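Chemist: Residue numbers (numbering that gives the first Met the number 0), protein chains in the order written: chain Z, 0 to 310; chain S, 0 to 289.
Simulated from the structure, these hints should not be mistaken for lab results.
Some hints here could point you the wrong way.
[To be verified] No farther apart than 30 Å at their CA atoms in a straight line, the calculated lysine-lysine pairs in the BS3-like style are these: (1) S/79 - Z/104; (2) S/164 - S/79; (3) S/114 - S/261; (4) Z/104 - S/164; (5) S/261 - Z/104; (6) S/114 - S/164.
Just so we're clear, the structure is a prediction, and the values are computed from it rather than from any experiment.
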Amino acid sequence: MARWPWLTGFALLLAALPWAVPNAYLLDVINRIGINAIAVIGLNLVMGYAGQVSLGHAGFFGIGAYASAVLTSRYGWPPLAALAGGMAGAGALAFAVARPILRLKGHYLAMATLGLGIILSIVITNEAGFTGGPDGMPVDALSVAGFSPSGERQWYFVIAVCLWCAAWLAGNLVDSPMGRALRALHGSEPAARSVGVDTARYKARVFVIAAVLASLSGSLFAHYVGFVTPQVASFMHSIELVTMAVVGGLASIGGSVAGAALLTVLPQALAEFEGWEMVAFGALLILVMVLMPRGLVPTLARRFGGARARA
Amino acid sequence: MAEFLQFLFSGVTSGSIYALAALGFAIIFNASGVINFAQGEFIMLGGMVSVFLAAAGLALPFAVLGAVLVAVVAGLVLEKAAIEPARSAETVTLIIITIGASILIQGVAQIVFGKGQHALRPFSGEAPIVIGGASLLPQSLWVLGVSALMVAGLWLFFNRTLPGKAMLAVSANRLGAELVGIDIRRTWLTAFGLSGALGAVAGALAAPITMTSYDAGLMLGLKGFVAATLGGLGSGLGAVAGGLILGLLEAMTAGYVSSAYKDAVPFVAILLVLFFLPRGLFGSRAAERV
Numbered sequence: 000m001a002r003w004p005w006l007t008g009f010a011l012l013l014a015a016l017p018w019a020v021p022n023a024y025l026l027d028v029i030n031r032i033g034i035n036a037i038a039v040i041g042l043n044l045v046m047g048y049a050g051q052v053s054l055g056h057a058g059f060f061g062i063g064a065y066a067s068a069v070l071t072s073r074y075g076w077p078p079l080a081a082l083a084g085g086m087a088g089a090g091a092l093a094f095a096v097a098r099p100i101l102r103l104k105g106h107y108l109a110m111a112t113l114g115l116g117i118i119l120s121i122v123i124t125n126e127a128g129f130t131g132g133p134d135g136m137p138v139d140a141l142s143v144a145g146f147s148p149s150g151e152r153q154w155y156f157v158i159a160v161c162l163w164c165a166a167w168l169a170g171n172l173v174d175s176p177m178g179r180a181l182r183a184l185h186g187s188e189p190a191a192r193s194v195g196v197d198t199a200r201y202k203a204r205v206f207v208i209a210a211v212l213a214s215l216s217g218s219l220f221a222h223y224v225g226f227v228t229p230q231v232a233s234f235m236h237s238i239e240l241v242t243m244a245v246v247g248g249l250a251s252i253g254g255s256v257a258g259a260a261l262l263t264v265l266p267q268a269l270a271e272f273e274g275w276e277m278v279a280f281g282a283l284l285i286l287v288m289v290l291m292p293r294g295l296v297p298t299l300a301r302r303f304g305g306a307r308a309r310a
Numbered sequence: 000m001a002e003f004l005q006f007l008f009s010g011v012t013s014g015s016i017y018a019l020a021a022l023g024f025a026i027i028f029n030a031s032g033v034i035n036f037a038q039g040e041f042i043m044l045g046g047m048v049s050v051f052l053a054a055a056g057l058a059l060p061f062a063v064l065g066a067v068l069v070a071v072v073a074g075l076v077l078e079k080a081a082i083e084p085a086r087s088a089e090t091v092t093l094i095i096i097t098i099g100a101s102i103l104i105q106g107v108a109q110i111v112f113g114k115g116q117h118a119l120r121p122f123s124g125e126a127p128i129v130i131g132g133a134s135l136l137p138q139s140l141w142v143l144g145v146s147a148l149m150v151a152g153l154w155l156f157f158n159r160t161l162p163g164k165a166m167l168a169v170s171a172n173r174l175g176a177e178l179v180g181i182d183i184r185r186t187w188l189t190a191f192g193l194s195g196a197l198g199a200v201a202g203a204l205a206a207p208i209t210m211t212s213y214d215a216g217l218m219l220g221l222k223g224f225v226a227a228t229l230g231g232l233g234s235g236l237g238a239v240a241g242g243l244i245l246g247l248l249e250a251m252t253a254g255y256v257s258s259a260y261k262d263a264v265p266f267v268a269i270l271l272v273l274f275f276l277p278r279g280l281f282g283s284r285a286a287e288r289v
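Extracted from the complex, chain Z is given alone in its bound form (with noise of 0.2 Å):
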């Protein structure tokens, strides 16, 4: 189960990545892919290890775009302690919602997930005292002990750091007996409980690492762009990282990886097709999961290496 070939490699293709894009375009891209994936890579473990829908992801990745915004615009927070408290908030939130939430199976547990992601973003965007409603706020820029980032090229060590960091949270989890015993109760949860497994607890726990992950990943965003709108925390945006983690591959860390990329890259490239960008991803989304229900990189993996769909 030596996961370090799988992250060494991850490190050096990050390390190496800036080096082999030719301009400012491409590697703005490439952070926004960046900054998604550490939110898939949370929500995978949710859905693809533990088998439990999440239909409302967003909502914590607009607690941590807007923890990063508010506390440090309007309550003076050094950049990194509204990030640390973005994700302390949403870590909170889905440990208090965790136990009612994810005692429910299948379609009522994609309702409640929901629930809660609109409820966020309607909270957002009626809050407008704080959060400047609709029309969105200006984010100050991250500073960390007199550093602060600017430009794609100095953003993307930073992003880059944190995604690897994910990928080895993430494969470091999915490796221990948390990870064993996430899949066995995604397998069956009654069998899982009858061998001692306290699922409630698990999955309580994996809920709220993925919370964490994905306020992390919403304050780099908001620090990134300079600006957010409650669009960051909507229905629709919790629908695209849940696409990414499933047109990826679910239960695959690479999967999220390429998930976000795919999704990230192809509204960029259809936006020229006015109006037909939406019918094009419409159509690809019900292509991919028709044709390929596991994910990108599973299958792609199970056809050219073999048994080893390990990615």
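Add chain S to chain Z, keeping to what the hints say.
Modeler: Relative to chain Z, chain S alone:
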């Protein structure tokens, strides 16, 4: 009192629309186990196609009929092209497929109809009827009457016709239904077509009151899903009750508490209900079999 009556009227009107949306969810869920996130787009199509056919000079009844036809075709194509090939897929996969369909339909609607907001002409007059100091739009009566007719029609369909009983049989036990010779695929097609028609009627009824646009289906669809879950997924009576309860809750909150948080009401309500009754208000209490 007049104030309360006013909120009651608007609550029951929007509640009827939610009930029709919820019935669409329930029918498809019963027949196939799929939650169809494109249900809201059927409602949008019902409103938008009616508006544009009416603007093109068609008489209102024919415009609405045309809209229903378009939505039925959309439902049938969705089932044939996207749901049937992925029949054995996991829940998440099916959810993503219907969301993909929803985005696709929105995209097409945006290209064909543009991004503007549109209102349909009320079916019969705009002079409000005053009852006990509260005013009731004639269109609300249309909404209530037609919704009641649809519910009665569905009851007849499920209790008195062979295709309707077949659909109930499939929802009770798919394998058993197949063994007695029920064509599962045709049942699924019927369910998607029927839901398309229901959605389109709801959309056409609501269009004179709420305005409609290419992206109007999202919120309506989500609230329909809430209503269907509130009543207990798959229960027809539950869907109607869920829809009416949602409409009333929303109207009372908008009137007495805060209109800004009106849209949050359904979601807060469903979270609270699911916390205490994990299978909705009228869902079965049967234990899960392992």
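Chemist: Now, for every hint given, state plainly whether the structure supports it.
Modeler: Structure-based check of all given hints:
Between residue 79 of chain S and residue 104 of chain Z the alpha-carbon distance is near 28 Å, which keeps this suggested pair within the 30 Å criterion. The suggested pairing of residue 164 of chain S with residue 79 of chain S holds, with an alpha-carbon distance near 22 Å, which does not exceed 30 Å. At roughly 25 Å between alpha-carbon atoms, residue 114 of chain S and residue 261 of chain S fall within 30 Å of each other, so this suggested pair holds. Annotation: proposed proximity of residue 104 of chain Z to residue 164 of chain S holds, straight-line Cα distance about 28 Å (limit 30 Å).
The hinted pair formed by residue 261 of chain S and residue 104 of chain Z meets the criterion: a straight-line CA distance of about 27 Å does not exceed 30 Å. For the proposed pair residue 114 of chain S and residue 164 of chain S, the alpha carbon gap of about 42 Å is over 30 Å, so the pair is violated.
Checked against the numbered hints above, the structure breaks only hint 6 and satisfies the rest.
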